[in-house]
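**Q** Please arrange chain S on chain L, whose structure you already have, making use of the hints.
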Amino acid sequence: MRNITRQYILLYLVIGTVIGISLVGCSHTPPRPVELDQARTAYAEARDNPQVASRAPVALREAEETLLHAEQIWDKEKDVREVQNLAAVARQRAEVARAAAEQKQAEAELEELTMARDRLLLDARTREAQRAQEQAERAQREADQAYQQVRATITQNAQLEQELAYTKEEFAAREAAAREAAAKAQAKRRTRTR
Amino acid sequence: MISKKAVIQLLLLCGAMGLSSCAGKPPAATVSQVSQAELAVQQASKSKAPEYASLELYTAREQLAGAQEALRQKEYTQARRWAERALVNAQLAETKAEAEQTRRAAAELRQSIEALRREAQKPASPGR
Numbered sequence: 001m002r003n004i005t006r007q008y009i010l011l012y013l014v015i016g017t018v019i020g021i022s023l024v025g026c027s028h029t030p031p032r033p034v035e036l037d038q039a040r041t042a043y044a045e046a047r048d049n050p051q052v053a054s055r056a057p058v059a060l061r062e063a064e065e066t067l068l069h070a071e072q073i074w075d076k077e078k079d080v081r082e083v084q085n086l087a088a089v090a091r092q093r094a095e096v097a098r099a100a101a102e103q104k105q106a107e108a109e110l111e112e113l114t115m116a117r118d119r120l121l122l123d124a125r126t127r128e129a130q131r132a133q134e135q136a137e138r139a140q141r142e143a144d145q146a147y148q149q150v151r152a153t154i155t156q157n158a159q160l161e162q163e164l165a166y167t168k169e170e171f172a173a174r175e176a177a178a179r180e181a182a183a184k185a186q187a188k189r190r191t192r193t194r
Numbered sequence: 001m002i003s004k005k006a007v008i009q010l011l012l013l014c015g016a017m018g019l020s021s022c023a024g025k026p027p028a029a030t031v032s033q034v035s036q037a038e039l040a041v042q043q044a045s046k047s048k049a050p051e052y053a054s055l056e057l058y059t060a061r062e063q064l065a066g067a068q069e070a071l072r073q074k075e076y077t078q079a080r081r082w083a084e085r086a087l088v089n090a091q092l093a094e095t096k097a098e099a100e101q102t103r104r105a106a107a108e109l110r111q112s113i114e115a116l117r118r119e120a121q122k123p124a125s126p127g128r
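Residue numbers (this note's numbering), protein chains in the order written: chain L, 1 to 194; chain S, 1 to 128.
A hint or two may mislead.
[As the list claims (entries may be wrong)] Listed next, with one range per pair, are the computed distances between beta-carbon atoms:
{"no.": "1", "chain 1": "L", "residue 1": "Ala129", "chain 2": "S", "residue 2": "Tyr58", "range": "50 to 56 Å"}
{"no.": "2", "chain 1": "S", "residue 1": "Ala115", "chain 2": "L", "residue 2": "Gln38", "range": "42 to 48 Å"}
{"no.": "3", "chain 1": "L", "residue 1": "Ala158", "chain 2": "S", "residue 2": "Gln121", "range": "52 to 58 Å"}
{"no.": "4", "chain 1": "S", "residue 1": "Gln43", "chain 2": "L", "residue 2": "Ala136", "range": "52 to 58 Å"}
{"no.": "5", "chain 1": "S", "residue 1": "Ile8", "chain 2": "L", "residue 2": "Asn3", "range": "31 to 37 Å"}
{"no.": "6", "chain 1": "S", "residue 1": "Glu51", "chain 2": "L", "residue 2": "Arg138", "range": "53 to 59 Å"}
{"no.": "7", "chain 1": "S", "residue 1": "Val31", "chain 2": "L", "residue 2": "Asp48", "range": "37 to 43 Å"}
{"no.": "8", "chain 1": "S", "residue 1": "Gln36", "chain 2": "L", "residue 2": "Gln38", "range": "22 to 28 Å"}
{"no.": "9", "chain 1": "S", "residue 1": "Arg72", "chain 2": "L", "residue 2": "Thr5", "range": "51 to 57 Å"}
[What the hints assert, rightly or not] Derived coverage of chain S by chain L (criterion: at least 3 residues anywhere in the stretch with Cβ under 8 Å from a Cβ of chain L; other residues may be distant):
{"no.": "10", "region": "79 to 93"}
{"no.": "11", "region": "96 to 109"}
[Stated by the list, open to error] No farther apart than 30 Å at their CA atoms in a straight line, the calculated lysine-lysine pairs in the BS3-like style are these:
{"no.": "12", "chain 1": "L", "residue 1": "Lys78", "chain 2": "S", "residue 2": "Lys25"}
{"no.": "13", "chain 1": "S", "residue 1": "Lys74", "chain 2": "S", "residue 2": "Lys25"}
{"no.": "14", "chain 1": "S", "residue 1": "Lys74", "chain 2": "L", "residue 2": "Lys78"}
What the hints contain is simulated information worked out from the structure, not anything from laboratory work. In this text, all values refer to a predicted model and were calculated from it rather than measured experimentally. Even glycine gets a Cβ: it sits at the ideal position worked out from N, Cα and C.
The following block holds chain L by itself, in its conformation from the complex (with noise of 0.2 Å):
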């Protein structure tokens, strides 16, 4: 009987050990996991740089979300295990908004850069097309002036050649008004001998 006692009172002390190990166990709170100090700062990071704030804030607000949702499970069941996941999930959706701003700038600088270039193609065919203008202009001076040359040559040409006209016409009438000087002062010899 007095064993038995014994007995019962050794078990009753193993349980009340193990209830008390277990509550204690229980109010033992978890350390907060480093993640979600990790994931605050980088969202932190992600959230004071103007790029990221003014280019991405869909995805900034995406990672704020997850990282609000992250700090409520840990203060209200300490689920060590999930936080992390979710700091870690907060954490690279931070990373995602970075490279989403970068993508977005990269896009803005393409699209400055193809402006820029349309512009220099413009202005390259602009200034082809001027100096085929230039070139064609000159090219037409220069004609016009080869035709003035010919024309003035012709014209050189046929008053040489009417003055040559005149001067064989002159040749001609003064070899006919010698002949007839000639003849008459032969016909005036002829009569004298006789």
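**A** Then chain S, alone, in the frame of chain L:
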């Protein structure tokens, strides 16, 4: 006696219900999350991510494989967590790759603009 029998029956019923809930269909939300992650990884694989964000894509694939394996093992909480991680990493891989692709295109264009400027300056000096 009867009450004891009833308690046992009740316990058996509870156990059966618990088992059936475990062995039955996986939660629809988890399955949907895993397939979303699958889709995101597929999409990232089709982008320039294999070239420009291979590490992130690799991580996403590993996490997706973890989610699928957990789903097979009926560890649904674990499957959901892996799927969440895989999804965000696939998105990260795709976004990073897009950014890199755009940056490269801009650098190329900048070079061709430099070439155009040089060409524009070249014929001007011997021409005059």
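**Q** None of the hints should be skipped; say for each whether it holds.
**A** Right, here's what the structure says about each hint:
At about 54 Å, the CB distance of L:Ala129 to S:Tyr58 agrees with the hint of 50 to 56 Å. Separated by about 46 Å at the C-beta atoms, S:Ala115 and L:Gln38 satisfy the suggested range of 42 to 48 Å. Distance hint check for L:Ala158 and S:Gln121: the Cβ-Cβ separation is about 54 Å, which falls inside the suggested range of 52 to 58 Å. In this structure, S:Gln43 and L:Ala136 meet the distance hint of 52 to 58 Å, their C-beta atoms being roughly 57 Å apart.
In this structure, S:Ile8 and L:Asn3 meet the distance hint of 31 to 37 Å, their C-beta atoms being roughly 33 Å apart. About 54 Å separates the C-beta atoms of S:Glu51 and L:Arg138, a value consistent with the hinted range of 53 to 59 Å. Between S:Val31 and L:Asp48 the C-beta distance comes to about 38 Å, which sits within the given range of 37 to 43 Å. A hinted range of 22 to 28 Å for the beta carbons of S:Gln36 and L:Gln38 is consistent with their spacing of about 25 Å.
For the pair S:Arg72 and L:Thr5, the supplied restraint of 51 to 57 Å holds, since their beta-carbon distance comes to about 54 Å. Counting residues of the region 79 to 93 of chain S whose C-beta lies closer than 8 Å to any C-beta of chain L gives 7; at least three are required, and the coverage claim holds. Coverage of the region 96 to 109 of chain S by chain L holds in this model, with 8 residues showing a Cβ closer than 8 Å to a Cβ of that chain against a need of three. At most 30 Å may separate the alpha-carbon atoms for a hinted pair to count; L:Lys78 and S:Lys25 meet this at roughly 29 Å.
Restraint check for S:Lys74 and S:Lys25: satisfied, since their Cα atoms lie roughly 9 Å apart, inside the 30 Å limit. For the proposed pair S:Lys74 and L:Lys78, the alpha carbon gap of about 24 Å is at most 30 Å, so the pair holds.
Checked against the numbered hints listed earlier, the structure breaks none of them; every hint is satisfied.
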